[in-house]
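Colleague: Guided by the hints, dock chain W onto chain V, whose structure is given.
So the protein lines, in turn, are chains V and W.
At position 341 of the first sequence (counting the first as 1) the number is 341 in the UniProt record's numbering, and the numbers step up by one without a gap.
At position 98 of the second sequence (counting the first as 1) the number is 98 in the UniProt record's numbering, and the numbers step up by one without a gap.
One should not assume that every hint holds.
What the hints assert, rightly or not - Across the chosen pairs, the derived CB separations fall in these ranges:
| hint | chain 1 | residue 1 | chain 2 | residue 2 | range |
| --- | --- | --- | --- | --- | --- |
| 1 | W | 158 | V | 318 | 49 to 57 Å |
| 2 | V | 536 | W | 22 | 21 to 29 Å |
| 3 | V | 270 | W | 71 | 58 to 66 Å |
| 4 | W | 170 | V | 191 | 30 to 38 Å |
| 5 | V | 516 | W | 107 | 32 to 40 Å |
| 6 | W | 25 | V | 270 | 25 to 33 Å |
| 7 | V | 35 | W | 238 | 27 to 35 Å |
| 8 | W | 22 | V | 140 | 37 to 45 Å |
| 9 | W | 170 | V | 536 | 22 to 30 Å |
| 10 | V | 79 | W | 88 | 41 to 49 Å |
| 11 | V | 96 | W | 88 | 25 to 33 Å |
If you are wondering where the hints come from, they were derived from the structure by calculation, not from laboratory data.
Note that beta-carbon positions come from the ideal geometry of N, C-alpha and C, so glycine has one too.
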Amino acid sequence: MKFTQTLKAVGTAGLVAMLMSSAAHAVTLNLHNGGDPSSLDPHKVSGDWENRVVGDYLEGLVTEDANAEPIPGQAESWEISEDGTVYTFHLRDGIQWTDGEPVTAEDFVFAFQRIMDPATASDYAYLQYPILNAEAINSGEITDFDELGVKAIDDQTLEITLEQPTPYFLDALMHYTAYPVPKHLVEEMGDDWSDVDNIVANGPYEIVEWVPGSYVRSEKNEDYYDAENVQIDEVYYYVLEDQAAALNRYRAGEFDMLTDFPSDQYQWMQENLEGQAHVEPFLGIYYYVMNQEEGPLTDPRIREALSISILRDVIGPDILGTGELPAYGWVPPGTGNYVEEAYMPDWAEMPYEERMARAQELMAEAGYGPDSPLNLQLRYNTNDNHQRIAVALAAMWEPLGVNIEMFNSEVAVHYDALRAGDFEIGRAGWLMDYNDPVNTLDLLKTGVQQEGQMNWGNNYGRYSNEEFDALLEEAAAEQDLDARAELLAEAEEIAMDEFAAIPIYWYVSKNVVAPYIEGFEDNAKDVHRTRWLSKNEE
Amino acid sequence: MLRYASRRVLSAIPIAFIAVSICFFILRLAPGGPFDGERALPPLVLANLRAHYNLDQPLINQYFIYIWRLLQGDLGPSMVIEGFEVSQLIAIGFPFTLTLALSAFVIATIIGILAGMVAAVNQNKWPDYVMVLAVMIGVIVPNFLMAALLQLWFGVYLDWFPAGGWVSGRWEYLVLPITVLAWPHAGRISRLMRGSMIEVLGTNYVRTARSKGLGERLVMARHAIKPALVPVVSYLGPGLSYLLTGSLAVEQIFGLPGIGKYFVTAALNRDYGIVLGTTLLYMFIILALNLLVDLLYAWLDPKVRYR
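Pulled out of the complex, with its shape left as it was, chain W reads as follows:
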């Protein structure tokens, strides 16, 4: 297991390197640059700016400079947000994004699993139908629309929660953003859980457990839940990365101080440093999550073995 894990970590290094390289060059292929705005800059000013960020050098030199700095753990400066290093902006925004996404993740996963179980046990009865409806709404309504609707209902008409913004340490500001984020995630998980639970409930070992006289609760707790979780777990990794990227839009709408804003506007502004830095960060997270999920499999499903 340990050997497997370390091999996976090592194999991630070339993947990361290739991804950074591709990202670096694709970004430069895009027309426009960080200093192309509505108003023209005097040529000398522009030349100064370009020299300051090494943009006056041949692209291949810029690439090696970037990689060299990266190896020393330096993500470089932002070209549009004056006076900020990329790592500084990540340090400011990422903890918030992570908190938001993780809270939504935990809440959605628990709700999704419970709801899926309830739906499976009550297959084709009213709780199942209610669940289907809730899932449909969550999956179909895009998050920016859901956000606006929740803002109106709970922020303006009912005035239960703030319609946006963030005051440090005040959880009520997170209720609506987390709901928007968690809803579709919970929906998908509950569908997965329902399907696999129904399958497991029909297997021979569950029938055996029942026939030897175990109560329904014990059957569930001891024999059904763990195997039913396998497909859910396989979704958790992609699910969390989906939440992390989904939170970008949600942060923008609710005006939250996460990393989402930088990621989106930096791409539009051609702020090369920030785009590369945030891409690296997300790549790292996704690689780590996939590894974690693979390891979780072993615990859940004895059929999976690692070599």
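Just chain V, same shape as in the assembly:
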């Protein structure tokens, strides 16, 4: 008796909800967004889950189309000087913040100065270092912000001067580090401007609600210049880090899209949710770093033996289950401004037995073998997939006489140790911030001397080769794109031939998209702005 009453109550509630939603005719997108934003301020965020929210409510000079290629955003057109160092942007007429204030070139100048201000402590400011004096300001060498290469000619004209021609600069301008912020609000209330009560938008959506730990809700911005073509009226960006639970909720119809899913469910999804799981190449590399400052891995023979003895073909299909492609080089396939022929070492084509024989030979030369084993510690951060790969690689290295001690720790501890050089082999990964080979090659650049100590940045293994560094510098000054690509390819070859690190696989993006969602285009950047999506609710 009680239970039927319960059912009735549930039924009534459901019916009421249905009536309410159909009365409003609002098209709602329920997006599983993963993590909880740590902020809504584009100068304070760093995750892809934040990018999805921020990139819907703010828009830069240039924005993404459905394929994540650059198209005019707040700027309707631009000119680039002959030498490639001066960009002049013309803002659209009538663009405004949602509080009615106009979006002006001054807002952009202010935003670029703010993100470079060391006091803002922005994680990702370095992405805009191509801009003249940006790095010097961000590192405190220049304290006069007006020396930054971003100038407002008038309200609608913005001039950006670069240190040197940068072929990927338009790409970098799509990134949230290049978004404008409302100068009038930030000057008035400081960092509080991005509180939900104060926040304004210039993008296709505006933030209306944020329940930390639960969701962010945005509504369509009717003042957006392209509002008539924006189909989705309301977006929920749900916080849920448990991927299995997210898949359950997708199957229950509560989510329209998932931005990730458990790899071990891929096969089941291919059979039961046909065509809904999208696994696509993604600009990123999964790799192991080797400590080249001290210890046995300073010996290139051992580094080579470790790298060539990995059977990479089994990792994507069998260990991960999502078919990630094996990586032999350092620049992900599909990266722009690069050579056609990807780097492919000779040993990649060798049969595996030959490779193993060669690896054993190298180890013997270095003085190691099954009888005189080499003990190495392998560090990885806690995650099922990292663990599986570590176990598999340790097994592949065993015939070489390499004993792996596995050491896992949570992410903050892991990277702290890598940065301190306190490891022998360590797991790392890099997702590209902009579509250019420099973004991954920089990971192998020699550190710089700062305040009496070396700052190695993200080069955890501390690989250092003068020729490699010189080629990167030469490429930076090269204006001809093809010649630049050749120089970069040469650098990649040098680093890879010296086994600067162990590339393992190229990342893939994993989305689940309901069949009634239209306008979703797979792309290597895995950026899918809501303004291009629509919901076919037939």
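Modeller: Relative to the frame of chain V, chain W by itself:
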């Protein structure tokens, strides 16, 4: 009684102080810090961040700054969730966690007591066996697995309840999370209740009550239930704190806006302020619950006296 209560409250103060101090230093002993992420920060940016949160000062100074602020009721800022004070995050998340845990607590306690009584009266008959089975499932199946199974059955296949999420004021979103939370709690209570009820039913005063001709219902209501509740009550305090911490995992799986998420991720991110703040909160609750339970004893069991 009042004197006893006030003495207990006063003795809680040094306990709280010691716990905060231990927690503060243990947290700092752990390697890694709030700004160690996948990508390196420029040194000046890092220095700015550390200065902003006083992390550049000697540890002992940081400790005194923290305690000084704490005495003024300030739990400090979050270091990872930009622009939020710890007290703000607690104010957002805790009412939800408390509602969830208290609902599960009340429901589980009532069901557990009733089920235990039924099982005791029908000792070694089928209702008793059914109860044992239900208890076993609840206690053995870990909550994250139970949550996933319930999501699948009732959220996906039967589609009776939402598989997760939260819409303010809609109770149906709470059915599955509360079930997951309440089940093991109800199970434990029913076992306690069954055991003590069987014991009480065999005592002399119950036999006397029966022999003077009272009906079984009256015997139960007047003589058996109250003494049988003593072990159950002693479990309620730990039980509720167990539910409060258990709700952390359940909130994560169902995507509920409670405090659980912060507690777990803050520990991983080394968000010192949040970890200390939530630990303090839980400590306070556990101390308060223990006190409450001790006071309840007096009412239930005349043998217990407070001085």
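Colleague: Are residue 170/W and residue 536/V spaced within 22 to 30 Å by their CB atoms?
Modeller: 27 Å, holds
Colleague: Holds or violated: the 25 to 33 Å window for the beta-carbon distance between residue 96/V and residue 88/W?
Modeller: 31 Å, holds
Colleague: Go ahead and decide if the range 37 to 45 Å is satisfied by the Cβ distance of residue 22/W to residue 140/V.
Modeller: At 38 Å between Cβs, range holds.
Colleague: Starting from the hint 25 to 33 Å, judge whether the C-beta atoms of residue 25/W and residue 270/V obey it.
Modeller: At 51 Å between Cβs, range violated.
Colleague: Determine whether the Cβ-Cβ distance between residue 516/V and residue 107/W falls within the hinted range of 32 to 40 Å.
Modeller: Holds - the Cβ-Cβ distance for residue 516/V and residue 107/W, about 38 Å, lies within 32 to 40 Å.
Colleague: Indicate whether the distance between the beta carbons of residue 170/W and residue 191/V respects the range 30 to 38 Å.
Modeller: Holds: the Cβ-Cβ distance is about 34 Å, inside 30 to 38 Å.
Colleague: Just tell me: holds or violated, for the beta carbon distance of residue 79/V and residue 88/W against 41 to 49 Å?
Modeller: At roughly 47 Å between Cβ atoms, residue 88/W and residue 79/V fall inside 41 to 49 Å, so the hint holds.
Colleague: Range first: 49 to 57 Å. Now tell me if the beta carbons of residue 158/W and residue 318/V are that far apart.
Modeller: Between residue 158/W and residue 318/V, where Cβ atoms are some 35 Å apart, the hint is violated.
Colleague: Could you check the hint for me, namely that residue 536/V and residue 22/W are 21 to 29 Å apart, CB to CB?
Modeller: 58 Å, violated
Colleague: Does the Cβ pair residue 270/V, residue 71/W satisfy 58 to 66 Å?
Modeller: Holds, since residue 270/V and residue 71/W (Cβ atoms, about 59 Å apart) stay within the stated range.
Colleague: CB of residue 35/V to CB of residue 238/W, is that within 27 to 35 Å?
Modeller: 33 Å, holds
Violated hints, listed in ascending order, are 1, 2 and 6; each of the other numbered hints is respected by the structure.
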